[in-house]
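Chains A and B, in that order, are what the protein sequence lines are. Counted from 1, the first sequence has number 96 at position 97 by numbering that gives the first Met the number 0; the numbering is strictly sequential. Counted from 1, the second sequence has number 260 at position 261 by numbering that gives the first Met the number 0; the numbering is strictly sequential.
Don't read these hints as lab results, they were simulated from the structure. Predicted, not measured: the structure shown is a model, and the values here were computed from it. For glycine and all other residues, C-beta sits at the position ideal for the given N, C-alpha and C. Fair warning: there could be bad hints in the mix.
[Claimed, not checked] Not everything, but these chain B residues come out facing chain A in the computed CB check (under 7 Å):
| no. | residue |
| --- | --- |
| 1 | Ala11 |
| 2 | Pro57 |
| 3 | Ala58 |
| 4 | Arg262 |
| 5 | Gly265 |
| 6 | Arg360 |
| 7 | Gln380 |
[Claimed, not checked] To list a few chain A residues with every Cβ distance to chain B over 12 Å, as calculated:
| no. | residue |
| --- | --- |
| 8 | Arg78 |
| 9 | His111 |
| 10 | Ser115 |
| 11 | Ser131 |
Read off the chains here:
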Amino acid sequence: MSAGSNPGAQLHAAVEDAIALHAGRPGGLMPLLHAIQERLGYVPPQVLPRIAEALNITRADVHGVVTFYHDFRTSPPGRHVVKLCRAEACQSMGAEALAQHAQLRLGTEFHHTSKSGITLEPVYCLGDCACSPAMMIDGRLYGRVTPERFDRLLQSMEQP
Amino acid sequence: MTVTLYVPRDAAALSVGAEEVAQAITHAAATHGEQISVVRNGSRGLLWLEPLIEVATPAGRIAYGSVAPEDVPGLFAAGFLRGGAHARLLGPTEEIPYLKRQERLTFARVGITDPISTADYEAHGGWRGLRNALALSGADIVEAVIQSGLRGRGGAAFPAGIKWRTVLNTTGTIKYVVCNADEGDSGTFSDRMIMEGDPFVLIEGMTISALAVGAEQGYVYLRSEYPDAERVFEAAIAAAHQAGYLGDDILGSGRTFHLELRRGAGAYICGEETAMLESLEGKRGMVRFKPPLPAIEGLFGKPTVINNVITFASVPIILDKGAKYYADYGMGRSRGTLPFQLAGNIKHGGLVEKAFGITLRELLYDYGGGSASGRPIRAVQVGGPLGAYLPESQFDTPLDYEAFAAIGGMVGHGGVVVFDDTVDMAQMARYAMEFCAIESCGKCTPCRIGSTRGVEVIDRVRQGERREANIELLRDLCETMLHGSLCALGGMTPFPVRSALDHFPEDFGVPGKAAKAA
Numbered sequence: 000m001s002a003g004s005n006p007g008a009q010l011h012a013a014v015e016d017a018i019a020l021h022a023g024r025p026g027g028l029m030p031l032l033h034a035i036q037e038r039l040g041y042v043p044p045q046v047l048p049r050i051a052e053a054l055n056i057t058r059a060d061v062h063g064v065v066t067f068y069h070d071f072r073t074s075p076p077g078r079h080v081v082k083l084c085r086a087e088a089c090q091s092m093g094a095e096a097l098a099q100h101a102q103l104r105l106g107t108e109f110h111h112t113s114k115s116g117i118t119l120e121p122v123y124c125l126g127d128c129a130c131s132p133a134m135m136i137d138g139r140l141y142g143r144v145t146p147e148r149f150d151r152l153l154q155s156m157e158q159p
Numbered sequence: 000m001t002v003t004l005y006v007p008r009d010a011a012a013l014s015v016g017a018e019e020v021a022q023a024i025t026h027a028a029a030t031h032g033e034q035i036s037v038v039r040n041g042s043r044g045l046l047w048l049e050p051l052i053e054v055a056t057p058a059g060r061i062a063y064g065s066v067a068p069e070d071v072p073g074l075f076a077a078g079f080l081r082g083g084a085h086a087r088l089l090g091p092t093e094e095i096p097y098l099k100r101q102e103r104l105t106f107a108r109v110g111i112t113d114p115i116s117t118a119d120y121e122a123h124g125g126w127r128g129l130r131n132a133l134a135l136s137g138a139d140i141v142e143a144v145i146q147s148g149l150r151g152r153g154g155a156a157f158p159a160g161i162k163w164r165t166v167l168n169t170t171g172t173i174k175y176v177v178c179n180a181d182e183g184d185s186g187t188f189s190d191r192m193i194m195e196g197d198p199f200v201l202i203e204g205m206t207i208s209a210l211a212v213g214a215e216q217g218y219v220y221l222r223s224e225y226p227d228a229e230r231v232f233e234a235a236i237a238a239a240h241q242a243g244y245l246g247d248d249i250l251g252s253g254r255t256f257h258l259e260l261r262r263g264a265g266a267y268i269c270g271e272e273t274a275m276l277e278s279l280e281g282k283r284g285m286v287r288f289k290p291p292l293p294a295i296e297g298l299f300g301k302p303t304v305i306n307n308v309i310t311f312a313s314v315p316i317i318l319d320k321g322a323k324y325y326a327d328y329g330m331g332r333s334r335g336t337l338p339f340q341l342a343g344n345i346k347h348g349g350l351v352e353k354a355f356g357i358t359l360r361e362l363l364y365d366y367g368g369g370s371a372s373g374r375p376i377r378a379v380q381v382g383g384p385l386g387a388y389l390p391e392s393q394f395d396t397p398l399d400y401e402a403f404a405a406i407g408g409m410v411g412h413g414g415v416v417v418f419d420d421t422v423d424m425a426q427m428a429r430y431a432m433e434f435c436a437i438e439s440c441g442k443c444t445p446c447r448i449g450s451t452r453g454v455e456v457i458d459r460v461r462q463g464e465r466r467e468a469n470i471e472l473l474r475d476l477c478e479t480m481l482h483g484s485l486c487a488l489g490g491m492t493p494f495p496v497r498s499a500l501d502h503f504p505e506d507f508g509v510p511g512k513a514a515k516a517a
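Please work from the sequences and hints to get the whole structure.
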């Protein structure tokens with residue numbers, strides 16, 4: 000049986016692979032957490048003791064880092080993650096109206112996941128400030144996002 | 000004959016469909032039996048015209064702007080591979096006034112070369128600064144950077160050469176060079192454009208810095224919001240290593256420099272240099288007390304040069320063409336050029352590299368063409384979320400570090416965010432406090448608590464609750480944050496708040512004074 004079919008084994012492999020790659024690097028905790036989140040979509044709280052042990056730091060240290068940074072999640076996200084920019088440049092081009100539209104359309108608020116499995120998160124600048132408003136879907140950047148463009152992108156995401 | 004085409008891989012271009020355009024072109028070329036070679040270049044910085052594609056013709060590069068995949072069949076029909084006329088035709092790229100009137104030193108190659116070809120970089124003047132530096136002593140390199148007048152482009156504008164000299168003069172055997180690529184300010188994207196469009200210039204600049212101070216290990220701390228920049232930069236590091244520009248024996252000199260990219264995790268505060276060092280060490284991004292200066296005790300407690308992307312990227316040309324060449328640009332104590340970024344509600348948003356001294360008005364109207372909405376420009380925020388909001392009466396201020404400081408503003412990282420007359424400045428002031436509350440590292444009280452209280456007080460003002468008294472309280476709070484915060488986040492959040500109060504009092508329900516009298 001492959002590790003892919005067993006969530007426990009999958010989790011174990013993700014953590015051990017990340018430790019093998021990054022635990023020995025100077026300041027390796029950040030790349031290690033990124034590696035786990037890339038594989039699993041989040042950093043499960045139950046793996047923190049193992050990370051702490053591998054890096055010879057306390058669980059509190061690891062917990063502190065995981066909870067400090069906006070990127071790290073401690074529970075699984077939806078099927079897709081939408082990050083909507085709410086910073087000044089995007090605001091000047093209607094990002095607040097877009098944010099209202101997105102929440103209404105998804106039937107959920109920021110930091111939550113819609114029934115259709117789409118997680119909505121705020122982000123403060125994607126560096127696309129001359130093509131505002133901007134958003135990111137699963138790591139891909141979109142500029143000049145109108146409510147209509149948002150709806151079109153959402154439609155393709157909501158297809159199973 | 001094979002025709003060379005350029006379709007940007009810059010994130011902004013990709014965000015408006017450059018990838019789809021590239022695919023449509025490749026597909027159509029196959030259908031038409033045309034031999035083409037597509038170079039995925041950086042962006043020329045005319046971002047309102049993205050996707051902007053170029054065709055290499057005997058008469059030079061010809062640009063077509065705002066190209067959508069649907070335009071591609073028509074472009075082929077119009078013979079665009081030979082520069083044929085079409086509604087999207089802009090003419091020779093270099094003749095576009097927006098570009099032609101710029102003074103591109105740091106951005107000399109961006110949009111022109113293949114970003115991850117070391118040979119293309121060399122063919123366009125790359126690596127010359129590094130070769131010169133290899134023949135110089137550390138002290139001579141530092142002296143050249145001091146003489147150039149180059150100041151930190153990340154915002155603080157501290158003379159880069161002086162910082163390098165401090166690190167050079169430390170006695171440690173282990174030193175680091177760290178590049179701050181945590182470009183978190185809204186309205187800024189020049190770091191991203193360099194890393195995606197000409198990554199070798201950053202690698203070369205950091206390597207020169209390492210040679211100057213005697214460091215053998217460097218890190219680039221890149222924000223996680225820039226996955227495209229990460230891909231390009233990782234490829235560039237590998238290519239530079241492969242070609243012998245990085246590694247244990249740089250160009251056969253026996254000198255060593257290794258470079259590694261590290262990804263942030265969505266914390267604005269990690270753009271503050273000591274918080275960034277904490278993060279690089281694998282900790283929470285908490286601001287450190289200074290002293291000790293990072294130049295004395297920085298990363299892992301070792302002497303560390305920290306500069307921003309544009310600062311390092313401006314070094315190769317100084318070592319190539321000489322300190323005087325660079326210092327001949329600019330005004331006063333602001334020497335050289337700054338890549339300004341026109342953003343927000345602006346018709347012609349993009350990157351404008353000019354010598355210091357250009358006025359805000361020139362940037363906004365001569366380059367920017369006014370607002371995108373066509374409405375009057377009411378307020379402009381220069382220098383990111385911690386920069387002041389400037390009213391029209393201040394648009395003639397020259398962009399110079401000292402001139403901006405004199406009006407309570409800052410040039411910062413050169414980001415210019417434009418708002419039209421529909422903006423509610425009380426809302427923007429509230430947002431400044433809210434952003435500080437979200438992003439505060441929590442170490443000092445004025446920032447951690449003050450920002451949340453600031454949001455509450457502004458809410459009361461906006462609701463008309465004891466307005467005069469609450470405005471006084473807000474100003475008092477700003478004073479406390481300004482003087483009592485540990486770093487620029489809490490210490491400068493008052494700038495946008497106070498400037499909004501000073502210049503746009505009517506938005507807070509207070510009758511305008513100077514503004515109304517006019």
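Provide an ascending list of the numbers of those earlier hints which the structure does not satisfy.
2, 3, 6, 11
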